[in-house]
Structure formats: C-alpha cells, structure tokens
Amino acid sequence: MFKILQETLITGIATVAYPDVPAMVSAQFRGRPEFDFKSWRDARPAADVCPTGAIVVSDVVGQADPEGTPPANRRVTVDYGLCVFCGQCADASPEGAVRVTTEFELATYHRAGLMLVADYSLNPDGTHRQFIAEYQAVLTAEDVGNQLSEAVHETLGRSLAIRQVDAGSCNGCEMEIVALNNPIHDIERFGIHFVASPRHADMLLVTGPVTRNMELALQKTYAATPDPKVIVAVGACGISGGIFGTNYASRGGVDATIPVDVYIPGCPPRPEALLYGILLAVGRL
Amino acid sequence: MDLLEELAEKFPDLVSPTQAPHQAVRNQISIALRGPDVRAIAEHFISAYGSRLVAVFAEDRVADESVFYNYYVFEQSGEPTYVILQAPIPADQPNFPSLAAGLPAVNWQEREIQDWFGLEATGHPNPRRVALHDNWPDVHPLRKSFPLREVLPPFEGERHVYRPTLGEGVFQIPVGPVHAGIIEPGHFNFAVAGEPILYLQLRMFYTHKGTEKLFEDMPIHRAVFLAESISGDSAFSHGTAFCQAIETASDIEVPLRARVMRTILLELERVCNHIGDIGAIATDVGFVVANAHASRLRELVVRLNEGLTGSRWLRGMVCVGGVRRTWSLAQRDLLRDTVNHVEREFDSLIALVQSSDSTRDRLEHTGILRPETAKVLGIVGVAGRASGVDLDVRRDHPYAAYDRYPFRVPVYQEGDVLHRMLVRVDEVRESFAILHAAANDLPEGPHCAPPEPVPPGRCALSAVEGWRGEILHWVRTAPGDRLERCKIKDPSVNNWAAIVEAVQGNIIADFPVINKSFNLSYSGTDR
Ligand code: SF4
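Residue numbers (our numbering), protein chains in the order written: chain A, 1 to 285; chain Z, 1001 to 1527.
Calculated directly from the structure, the hints in this document are not laboratory data.
Where a beta carbon is used, it is the ideal one built from N, C-alpha and C, also for glycine.
Careful: at least some of the hints might be erroneous.
[What the hints assert, rightly or not] Pair ranges (Cβ atoms, derived):
#, chain 1, residue 1, chain 2, residue 2, range
1, A, L285, Z, D1251, 47 to 55 angstroms
2, Z, A1478, A, G96, 33 to 41 angstroms
3, A, G113, Z, R1336, 39 to 47 angstroms
4, Z, I1507, A, Y18, 38 to 46 angstroms
5, A, Y18, Z, G1286, 24 to 32 angstroms
6, Z, Q1172, A, I13, 43 to 51 angstroms
7, A, I13, Z, R1332, 44 to 52 angstroms
8, A, K220, Z, G1078, 50 to 58 angstroms
9, A, K220, Z, K1010, 53 to 61 angstroms
[To be verified] Covered stretches of chain A, going by a simulated chain Z footprint (3 or more residues, C-beta under 8 angstroms):
#, stretch
10, 6-12
11, 210-216
12, 266-273
Whenever a hint applies, use it, and build me the whole structure from the sequences.
Dropping the structure here:
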C-alpha cells in the first residue's frame, strides 16, 4: 500500500490540459496536409502516390479560348475523410504546394465538410496552366438538417456515456480510444466515460470499415441505444472505408449503415483529435 | 540441393529433381510437387527432421496453369532456411487430403482454403465454415474469377449453430461480437456449470474485410499502407514483413542503416505493446493503479514513436528498400533519452506489480496452457514461449539487423497468465538492451535502397517476429508494380486454439484476464 502511494506521489499529475492549452505535439507529427491550390503546378504525382485515393484528378477535354478565361479542364478533389496522413503528397509535390502541418482538429458535422475542390486549365503536357477557382464543398439542405440540435447538446452536454463499437477496424483506432482513458488524456475529467452496454450510452463511437459480418451487429447496437443519441464515425475507415473502401466484405464508411452526426479524420486520430470530435459532437467546444 | 535429391529418392511420385521449377532465394527453398497429397512427405519432415509446419495456404493459378496451388511452409529447428512445398491441385478436381486430423495447427488454415478458394480439405475432422460466416452465399472470394468489388445481396443463409452442451445446471453464455470493453469484435460461446467454464466455442472473422484480395488490386507502393492496416497494433511489423517479401522477390539489398532503424522501430513496437498488456493484465485482476502507471509509460513510448516517425503507431515509415525518412542527431538523442527514462520507470512498474500478493494470486495457475498442448496446436510467440515453445523468428531466421545484437529468448514451462506476463517483462528488458546497442551502432549511410521496378512472376516468403509472434507474408509479383497474390499469416490464427484450451476449468470471471494474457489480434486473424 505504501509503495503504491509512494509511486503515485513521485509521479505527480500527468494529465495534460488540452483543449484549454494546446496539445503537446511533436514537430515530426504528420497532421493535415495543406494545399496551396494557387501555386500547385501539377496534382498528378500526388494523386499517384496517395495510398487511399484521397486526391483525385479528373480531366475533361475543353476548348482553350486564348482570349477569355480558359476553360476548366481539370478538377482536383481532396478528401480528408480518406486521408491517412502519410505526407507522400507533399514529397511528390516539390514546389511546396503541399505542406504537411501538425493540425489534427479536423472533426466536422458533415461528410462534405472534409472535401476541397479546385479547378484548373491545363497545358498541353498536362500540368496546370492556370488556377481557376477553389470551392469548399457546398452543404446540402440535408447536411444542415443533420446538424445536432441545441436540444441534444443541452441533454448530453454535461455527462456523457459512450459505447465504442468496432465495426471492422484494424484495432488502430481502438488503441487511441483506449489511450483517452489513460492518466495523460483522462477523458473522465470532462464527465465522459465509456460504458459496457449501448443501452447505457448517449453516444456510439464507431470505427470501420463496416464489414458485412458486423453490419447486423452495428444496426442492432444502434437500435439498442436510447434516444437522443449521437453517432460519431472514427478514422479514415469509419468515415469512408479508407484503404479498404467498399468490397465484397466491406460496406465502407459507417454512414452507409447507420446515420452519422460527426466525423473524426485520422489514421488513427490521435487522442486529442478524438477528444476534439467528441466535444464538438456535444457542443462543448 | 541435397534435400531435393533425398526427397526425390523417397517420394519419386511426388518429387522430381529435374523437371519441376524449384527455387532457392535467400532463406527459402521452394520445391514443386507433382500432386496434391503431401501427407507422407509432411509426416517425413516432422518425424525425420523434427520440422514444424509453419503455414498452409493456397493460390489460384487456374488462368495461367490450370491448377490451384497449396503451399506448405516448413521450418526445421536450428536451420535458418524455410522449405516451401508447392502442391498442385487440378482445377477439375478441387480437393486435397487434409492434414488437420494429425496436425491440429492447420485446422483453421485448411478451412480457410475451403471457404476462400472452394478447395475441399478431404478428411478434415471438422470441415464447417470458419473464414466465411455460415449465412454467406456459396462464394469463394479468393478465386480470381470472383470480382473484388462485387456487392453481395443481404445474407439470408442459416446462422451458425453452436454445438449444444447438455447436462443439469449447464448453461451457455453467448458474448459478443460487440463486447463490453474497447476491444475488437468476435463471438464467444461459453458453456458453464456454475462458475467453471466447461467448453468455449469461438466465432471469428467478424472483421474480415477482403484484405488479401485487396492486395491483388493495388500497386505495391500503396499496398505497403494496406499491410500497415492488417493489425493496427502491429503496423510496423506487418509493414516490414510485407516490404521484406517484396525485397526478397526483387533481390533488393536494404542498406545497413535502414536495417538498424527497422530493428529499433520493431523493438519500440514490442516495448509499447508489452507494457500496455502488462497494465491491462493488472487491470483485469483489479490492480488499476499499476495500469495507470503502465499506460502512462506506454504513452511515453508512443510519443517517442511520433518523434521518430511522425506517427504514434509507426505508420508511414517503412517502405520497400528501407525506411521513408532518416533520423537527425536530435532524434537519435531523443531515442536514447526516452529509452533510458522508460527503462528506469519500467523497473519500478514491475516492482509495483510484483509487490502485490493478491495480484500474483490471481495470475498464478490461471489459464494454463500445457507445453504438450501448445506444441500440438502450433502455438507461437509470447503464448508459445510461456508454454515451452522455444521459437523466435529474430533468432531463428534473422532479418533487419538482429544478427548484430545479442539477446536472450525467455522460455517458461508453466503456461499460466503469470508466465505469459513474465515473458513480456523479460522481453521488454531484452528490447531495451537491443535498443541501446542499436542506437549506439546506428551506422551512417543511405536509409533506403534506390527504387527499382519489381520484376513480375517472383515468389517470396518473409517472416517477422511481431510482438505477438511469428508474422508471415508470402507474395507472387505481377507485371506493373503489382501483386498476383499476397498471403498474410498473423500469429493469432494459430493462437486462438490456445485460448479455448487455457480457459477450461477456469471460472468465467477469469476469462477477461486469460484472454488479455494472449491479447490476440482479431483483425489480423480475420483480415
Ligand atoms: S497525406 Fe493524405 S492526401 Fe496526402 S498522400 Fe497521404 S493519404 Fe493522400
């Protein structure tokens, strides 16, 4: 007993104060890749090396008009919901158009909110001739309707019970979710705790891709969770199916099986990124 | 090739020294057989050479050669070379004689071949489905004729029927696939009489996500990332196993600096997961304070991982030919300082765990896996070494830079939860020694071999001692930086059978700690 107390006293307080103070993130950490669309001369090498197809280049043939605005011949789409934060797009784009940052607070209410789109006209060799426009994906009425209501925030904003569901992940996300409970991240300081049954839960924290073999279990877990409930899709696979995508054994992202309220990108999302997403979901940021 | 001549003499119907395309690359010899019946030759390997059947898997070559192949990988104690038998199975007679009755270690592997390739393991004592659930339609997804992206209609087949366990006061307790803790999904069906467990039936493959088939659909440079997602807690081990297979297939020499860096990262993965497991075992017997310290320590290692690779779980670092980034002097100092610090704290963590008699009381004689049983079931890794199975790929088939650093392989005979924990404790200490030696050694030079196109049609096997145990990858390359086939074997595939044995007669309240002491990968099993 004395030994236990002694160890505890020597150790002192290990818990970090995120989000009140910035997270302790190594300078090496690979977070959100940032795209300077205006200076990007060629997106193809990045799209080529991207392991999950998070960068997509689609070209259309258009007539160049030497006088007026050149037609958009290329659309480049970046989807943070597929990104596994490997940084290869930055390495493949030497002119510095893509930069790896240490940002991780990427959770959103909308799947479309994770996408960036830019249009270009092209040179004959396929490189970008002129940058035309950059769009944040436009939210549909349905997207906005999905935004969690104030009422849900009121009800769940103080003490929150989470049931974690692994619907087919590689166990990477689970390790970070477990780390939320360690003395360093200590999610209980927010009155948030993980419970053993969906019947006691306010939130389902779901990792994917949702396999065909977990589809039914996920639906049943969803049905067993009392209303009001919040569903959070975790990680590239939970958001989009990630590198597994949709195949004979995988249904892809969680929202193909049950409705999702908040998406947390990452592969896996670090504990602070999970915490950010969870707090966002219950309106506590 | 003396072995080949000897086999040709003993099994003239099966082995011809001249005709077949035998192959020898690095630490492996591949012998092409003339037929599918390997029973006699396997028996000979096991009785005459004391070999171990490491893995059995299949490949669909019907389009090119009108046959399927079964591969049987053998390892002989003290011999760094793997022997791989390649047994053809004619497409019009899709069956092969089962070995499972005499070698329970291949039980699931043969059934996986049945389910995924539609090749019948004739004479298998329990030929029910394992890798596809019972409600799936009659499909064989690993056949080349089956499209990867096929969306199957909702499953309407019969669900799995568990064997009844009868008797007065005997109950069945179904658990999962959604568990109470934050762990992966699987189904456990316990038959209990009061508290003691009589019999445990498992259903796995809930996280089957078509991984092996996906490897056939992407360029190799992307597939490295898929390998990292086979089992997220072993991302670096699986990634390395995969890259090594490609390197062997294309005869790439990995520079020494890269091999030392890989060794360091492989050991950090081991340290981080073993510390996590020691804490989790303590939690499952109610010693929560020990887990608080263990998970704090683990976080220190995870942060070191981030400082060295940019990823807390060592992702995106390994690549074909070496590693993606080199280290600065500051990073090397970070490595040294953190390892020193963690090593000191680890000693006090273990002293804390060992100071608790009630903890020892719960762990000792709990969940015993006997050495005889472990051997028969082909148990590998930590679980094997706690039950007398003296195997370690790092020592037996050295890779990366393991031949440069001496280390001890701990082996115990007791086979209980306590000793599975002690194997981890000893291994973490050995890992510290390797980490010190490697950090001091870290030679200058390139961190990656220059990229070269991967030649098509080459086969190679690669093995890595992940923190759980023996990880195998086998590839056949295809034109255009692609793969014809990638077979993955996680140590968990064999080791689930150990849990079934180890829980018998234990009280159901001890199941969590027994399960944790094995800590197997569901995703690695299910793929
Ligand atoms: S960092 Fe993201 S977008 Fe860039 S290559 Fe990697 S997965 Fe693709």
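Hints, verified against the model:
no.	hint	result
1	A:L285 to Z:D1251: 47 to 55 angstroms	holds, 54 angstroms
2	Z:A1478 to A:G96: 33 to 41 angstroms	holds, 36 angstroms
3	A:G113 to Z:R1336: 39 to 47 angstroms	holds, 43 angstroms
4	Z:I1507 to A:Y18: 38 to 46 angstroms	holds, 41 angstroms
5	A:Y18 to Z:G1286: 24 to 32 angstroms	holds, 30 angstroms
6	Z:Q1172 to A:I13: 43 to 51 angstroms	holds, 47 angstroms
7	A:I13 to Z:R1332: 44 to 52 angstroms	violated, 30 angstroms
8	A:K220 to Z:G1078: 50 to 58 angstroms	holds, 52 angstroms
9	A:K220 to Z:K1010: 53 to 61 angstroms	holds, 56 angstroms
10	6-12	holds (count 3)
11	210-216	holds (count 4)
12	266-273	holds (count 3)
When held up to the earlier numbered hints, the structure conflicts with hint 7 and nothing else.
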